[in-house]
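Number of protein chains: 2
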Amino acid sequence: MGKNLTPRNEDYSKWYNELVVQADLAENSAVRGCMVIKPYGYAIWEKMQAQLDKRFKETGHQNAYFPLFVPKSLFEAEEKNAEGFAKECAVVTHYRLKTDENNPGKLIVDPEAKLEEELVVRPTSEAIIWNTYKGWIQSYRDLPLLINQWANVVRWEMRTRLFLRTAEFLWQEGHTAHATREEALAETEQMNNIYAEFVENFMAIPVIKGAKTESERFAGAVETYCIEALMQDGKALQAGTSHFLGQNFAEAFDVKFTSKEGKQEYVWASSWGVSTRLMGALIMTHSDDKGLVLPPNLAPIQVVIVPIYRNDEQFNAISEEAKLLTEELRAVGISVKFDGRDTHKPGWKFAQYELQGVPLRIAIGPKDLENGTVELARRDTLTKEFVKREDVVAKAKGLMTEIQDTLLKKALDFRNDHITEVDDFKEFKKVLKNKGGFISAHWDGTTETEDRIKEYTKATIRCIPFNGKKEEGICVLTGKPSSQRVLFAKAY
Amino acid sequence: MGKNLTPRNEDYSKWYNELVVQADLAENSAVRGCMVIKPYGYAIWEKMQAQLDKRFKETGHQNAYFPLFVPKSLFEAEEKNAEGFAKECAVVTHYRLKTDENNPGKLIVDPEAKLEEELVVRPTSEAIIWNTYKGWIQSYRDLPLLINQWANVVRWEMRTRLFLRTAEFLWQEGHTAHATREEALAETEQMNNIYAEFVENFMAIPVIKGAKTESERFAGAVETYCIEALMQDGKALQAGTSHFLGQNFAEAFDVKFTSKEGKQEYVWASSWGVSTRLMGALIMTHSDDKGLVLPPNLAPIQVVIVPIYRNDEQFNAISEEAKLLTEELRAVGISVKFDGRDTHKPGWKFAQYELQGVPLRIAIGPKDLENGTVELARRDTLTKEFVKREDVVAKAKGLMTEIQDTLLKKALDFRNDHITEVDDFKEFKKVLKNKGGFISAHWDGTTETEDRIKEYTKATIRCIPFNGKKEEGICVLTGKPSSQRVLFAKAY
Ligand SMILES: [Zn+2]
Ligand SMILES: [Zn+2]
Numbered sequence: 002m003g004k005n006l007t008p009r010n011e012d013y014s015k016w017y018n019e020l021v022v023q024a025d026l027a028e029n030s031a032v033r034g035c036m037v038i039k040p041y042g043y044a045i046w047e048k049m050q051a052q053l054d055k056r057f058k059e060t061g062h063q064n065a066y067f068p069l070f071v072p073k074s075l076f077e078a079e080e081k082n083a084e085g086f087a088k089e090c091a092v093v094t095h096y097r098l099k100t101d102e103n104n105p106g107k108l109i110v111d112p113e114a115k116l117e118e119e120l121v122v123r124p125t126s127e128a129i130i131w132n133t134y135k136g137w138i139q140s141y142r143d144l145p146l147l148i149n150q151w152a153n154v155v156r157w158e159m160r161t162r163l164f165l166r167t168a169e170f171l172w173q174e175g176h177t178a179h180a181t182r183e184e185a186l187a188e189t190e191q192m193n194n195i196y197a198e199f200v201e202n203f204m205a206i207p208v209i210k211g212a213k214t215e216s217e218r219f220a221g222a223v224e225t226y227c228i229e230a231l232m233q234d235g236k237a238l239q240a241g242t243s244h245f246l247g248q249n250f251a252e253a254f255d256v257k258f259t260s261k262e263g264k265q266e267y268v269w270a271s272s273w274g275v276s277t278r279l280m281g282a283l284i285m286t287h288s289d290d291k292g293l294v295l296p297p298n299l300a301p302i303q304v305v306i307v308p309i310y311r312n313d314e315q316f317n318a319i320s321e322e323a324k325l326l327t328e329e330l331r332a333v334g335i336s337v338k339f340d341g342r343d344t345h346k347p348g349w350k351f352a353q354y355e356l357q358g359v360p361l362r363i364a365i366g367p368k369d370l371e372n373g374t375v376e377l378a379r380r381d382t383l384t385k386e387f388v389k390r391e392d393v394v395a396k397a398k399g400l401m402t403e404i405q406d407t408l409l410k411k412a413l414d415f416r417n418d419h420i421t422e423v424d425d426f427k428e429f430k431k432v433l434k435n436k437g438g439f440i441s442a443h444w445d446g447t448t449e450t451e452d453r454i455k456e457y458t459k460a461t462i463r464c465i466p467f468n469g470k471k472e473e474g475i476c477v478l479t480g481k482p483s484s485q486r487v488l489f490a491k492a493y
Numbered sequence: 002m003g004k005n006l007t008p009r010n011e012d013y014s015k016w017y018n019e020l021v022v023q024a025d026l027a028e029n030s031a032v033r034g035c036m037v038i039k040p041y042g043y044a045i046w047e048k049m050q051a052q053l054d055k056r057f058k059e060t061g062h063q064n065a066y067f068p069l070f071v072p073k074s075l076f077e078a079e080e081k082n083a084e085g086f087a088k089e090c091a092v093v094t095h096y097r098l099k100t101d102e103n104n105p106g107k108l109i110v111d112p113e114a115k116l117e118e119e120l121v122v123r124p125t126s127e128a129i130i131w132n133t134y135k136g137w138i139q140s141y142r143d144l145p146l147l148i149n150q151w152a153n154v155v156r157w158e159m160r161t162r163l164f165l166r167t168a169e170f171l172w173q174e175g176h177t178a179h180a181t182r183e184e185a186l187a188e189t190e191q192m193n194n195i196y197a198e199f200v201e202n203f204m205a206i207p208v209i210k211g212a213k214t215e216s217e218r219f220a221g222a223v224e225t226y227c228i229e230a231l232m233q234d235g236k237a238l239q240a241g242t243s244h245f246l247g248q249n250f251a252e253a254f255d256v257k258f259t260s261k262e263g264k265q266e267y268v269w270a271s272s273w274g275v276s277t278r279l280m281g282a283l284i285m286t287h288s289d290d291k292g293l294v295l296p297p298n299l300a301p302i303q304v305v306i307v308p309i310y311r312n313d314e315q316f317n318a319i320s321e322e323a324k325l326l327t328e329e330l331r332a333v334g335i336s337v338k339f340d341g342r343d344t345h346k347p348g349w350k351f352a353q354y355e356l357q358g359v360p361l362r363i364a365i366g367p368k369d370l371e372n373g374t375v376e377l378a379r380r381d382t383l384t385k386e387f388v389k390r391e392d393v394v395a396k397a398k399g400l401m402t403e404i405q406d407t408l409l410k411k412a413l414d415f416r417n418d419h420i421t422e423v424d425d426f427k428e429f430k431k432v433l434k435n436k437g438g439f440i441s442a443h444w445d446g447t448t449e450t451e452d453r454i455k456e457y458t459k460a461t462i463r464c465i466p467f468n469g470k471k472e473e474g475i476c477v478l479t480g481k482p483s484s485q486r487v488l489f490a491k492a493y
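Which chain is which? The protein sequence lines are A and B, in order. Each number in the numbering used here comes from the position in the first sequence (counting from 1) with 1 added on. Each number in the numbering used here comes from the position in the second sequence (counting from 1) with 1 added on.
Hints are supplied without guarantee of correctness; some may be wrong.
Which copy is meant is left open, so a pair is good if it fits within one copy or across any two.
List of simulated lysine to aspartate or glutamate pairs, EDC-like, C-alpha gap at most 16 Å [as the list claims (entries may be wrong)]: (1) K88 with D340; (2) K455 with E59; (3) K291 with E190; (4) K115 with E89; (5) K81 with E217; (6) K491 with E118; (7) K210 with E456; (8) K385 with D369; (9) K236 with E329; (10) K88 with D111; (11) K455 with E118; (12) K389 with D369; (13) K81 with E215; (14) K99 with E84; (15) K346 with D12; (16) K350 with E329; (17) K385 with E59; (18) K459 with D313; (19) K264 with E422.
Honestly, the hints are just simulated from the structure, not real lab data.
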């Protein structure tokens, strides 16, 4: 602590990297591309997990756990999926180390302990799970199968950034099996909606729901639905995806069921996931040059109480008061920390809790005790006010909701200000360069055009929005006909 | 379902394997030695996690997450630890697969994507964590550092059994850093006590707390404390361990702190863990020839309601009543399932819920509606009784405690009946063969004697019990002097 963050307008990327580390959220580890999630960052992730898990269970899903490793022969069974992940997967080839005879105290891989079949560290679990489902599904009575897994996965990314893109990350992956195409599609949509609702109401991040184009789809999916968020630097971030897998995995792993009519049919599938990448979205949506800004719904500490004192007598009197206040706040469900450390000055503490995004700070000094007041400071607006002691609890409780709403509204305004309708490719490039954000433009529906636009501008189609109005138009690049605008953006 | 389990007295091991699969707890996967934890088994594990996590946090620990991989150079830094795990670790050597040109659709390891340094899939995380702690600890003000991680680990075991010994398993591992030896030892003991309290009060499994002998210690530990349970077949099971690591890892990773007196000192450490192995202990302690028996504190479904009916009219009337009862039971905190499926007969359902260990079954038939009663069946005692409708909720609530207590008492009686004091080696072998359980015997304190006893009998020293009385005696094998009895047993 103590160092200032690089301001966002100077170098957004540097600001982000510094913030993640200085706010004690995560750090790089000794393993290339893998992060250590520090206790404060992990506490936020746990709150996200708890909310998501509740929603999954309320909609009839159960948790289970499948192996970390995928034997190569299973990994390659669904060809497109295999192709999509083969280039970036960690492969276990041996199961033993032995002493290096030329190098006392050192170990080498034991060449005699080579696996007959290599094991891929799961980059995603469709293969191992559908191979398992084969044994679980015989009849329509076994369907739907609604299962979720909380797990770590590994994708050997070359350019990594804390939370946003790491070789190992934590996520949940739902894998469901259905008797009909319609049911699987409905599940795919339901889970995308659950993600949207969670991200908006708990993370205070507005998202646009839509479908991916073919080239942006999950490897092995028939359709990929997604929620797309916009970061403060005008770049989009895919916050969650839900895939309709058709019968691709059922065919690859020969998973059939006997229908009510007694026919053998392939099972229909969905899969869906969100990951610790959401932490990156959370940080980049709300935070400022002073550090993290957290929505109260996800803040590990919602209120911090800092005593201002010059001697033991004052400290004891303030502590007494702070202890009472802490109990009162906890009684209404607010998480509170009292920071009575004598090793740090109040100013240092103020800066520290600002850096860590504690939504509300209460300072109590000798004057406050006399006057029956406290000083309340909001992290989101950086405003301060004196509040009567007897009003503090009600005020704090109200602010929990108000801050949450304010953050969402602010992010929503920003997002809406940064959706620009464009009908001309010159304008497209200009808006992308000068303003950023989403560009709503007509597209002729071909991968070729999509690729060319990406090549020229680095912008990709983030989604074909579900709520987009049907509107005849012409493609912004080729002038060919189009029936709906899609959203382009540069993306994380 | 439908198949009977092999009775325990015929083949205990077969009974266990069948039970785990038939009760839908877990199954073997396509990956050698790795299991799939099925939703019902995972739901029990989640309840265990929640309780443990609560206890860890109440004692000041925070969760975090460290990388899955350990670079070989870190893995080998603490020599004894490395030696202990080198022989059974999964090693990642490559980071890419490529198309096999001789075999269309197949993939091979890309020889050009060989890692410069191999990565060990963590068998335990002391190495990667202490390498990280080096950056976190400078001063005594940074101590104690009290961190826990929920994670998967991999140990390449050759003989695996569901839950008891699997190549991949789930666990929590606590890793703490302290300024003094005394503090680290106190933490080691505290966590062993927390494990004991949890296992006894939630799993209804009595345990003996003690210390491991040198040869049974964790690789790299100065002391290993443990809790030892006794299974129904007379074999012991180590249910949790807590290690005092001294300064071994601090020295290996050069983690020093500035003391209050301004001196540079190595940090003191503890680590402690329990794993999905506890599921095996739970199953083997309480279950019977009809299937799983679950203590109510860990049962995903505490009460199941089964309707007995011959026509729709009866079904509807019973369902109505069952719905009311479900609400009443939930209102007092009992988890309830109403099984109204018309695809299965009541008898089938009774057997199924017995197999899955649901503590209490309520059957409601047309006669019950008339008489204002229900039939209550306890899974632990297999006893049934009619209870007045208005008494059901109170009765069920009382039984949740009573069943929990009964299971613990039964297991405790069995355990106490199977601790045999022995002073003669012939008797030692006889008791071990005919009765099993723990043998409380004098031992001369040498690894040599311990090894010889193991060689002769397959029994190992499970622990030197903390509550054992000091008593002069002579070693059961060598006749040399001894000051305390230790507990021997064959073990899982
Ligand atoms: Zn702007
Ligand atoms: Zn016996």
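Cross-check of the supplied hints:
1. K88 with D340: Neither. Shortest intra-copy (49 Å) and inter-copy (48 Å) distances fail the 16 Å Cα cut-off.
2. K455 with E59: Cα proximity of K455 and E59: none, with 40 Å in one copy and 52 Å across.
3. K291 with E190: neither (38 Å within a copy, 42 Å between copies)
4. K115 with E89: between (21 Å within a copy, 12 Å between copies)
5. K81 with E217: within (13 Å within a copy, 49 Å between copies)
6. K491 with E118: neither (40 Å within a copy, 35 Å between copies)
7. K210 with E456: Intra 25 Å, inter 66 Å, cutoff 16 Å: neither.
8. K385 with D369: within (14 Å within a copy, 66 Å between copies)
9. K236 with E329: Result: close neither inside a copy nor across copies, 42 Å intra and 52 Å inter.
10. K88 with D111: between (26 Å within a copy, 9 Å between copies)
11. K455 with E118: neither (39 Å within a copy, 36 Å between copies)
12. K389 with D369: within (9 Å within a copy, 61 Å between copies)
13. K81 with E215: within (12 Å within a copy, 53 Å between copies)
14. K99 with E84: The answer is between: 9 Å across copies meets 16 Å, while 34 Å in one copy does not.
15. K346 with D12: Neither. Shortest intra-copy (30 Å) and inter-copy (68 Å) distances fail the 16 Å Cα cut-off.
16. K350 with E329: The answer is neither: 23 Å in one copy and 49 Å across copies each exceed 16 Å.
17. K385 with E59: This pair counts as neither: shortest intra-copy Cα distance 40 Å, inter-copy 33 Å.
18. K459 with D313: Neither. Shortest intra-copy (61 Å) and inter-copy (64 Å) distances fail the 16 Å Cα cut-off.
19. K264 with E422: neither (50 Å within a copy, 65 Å between copies)
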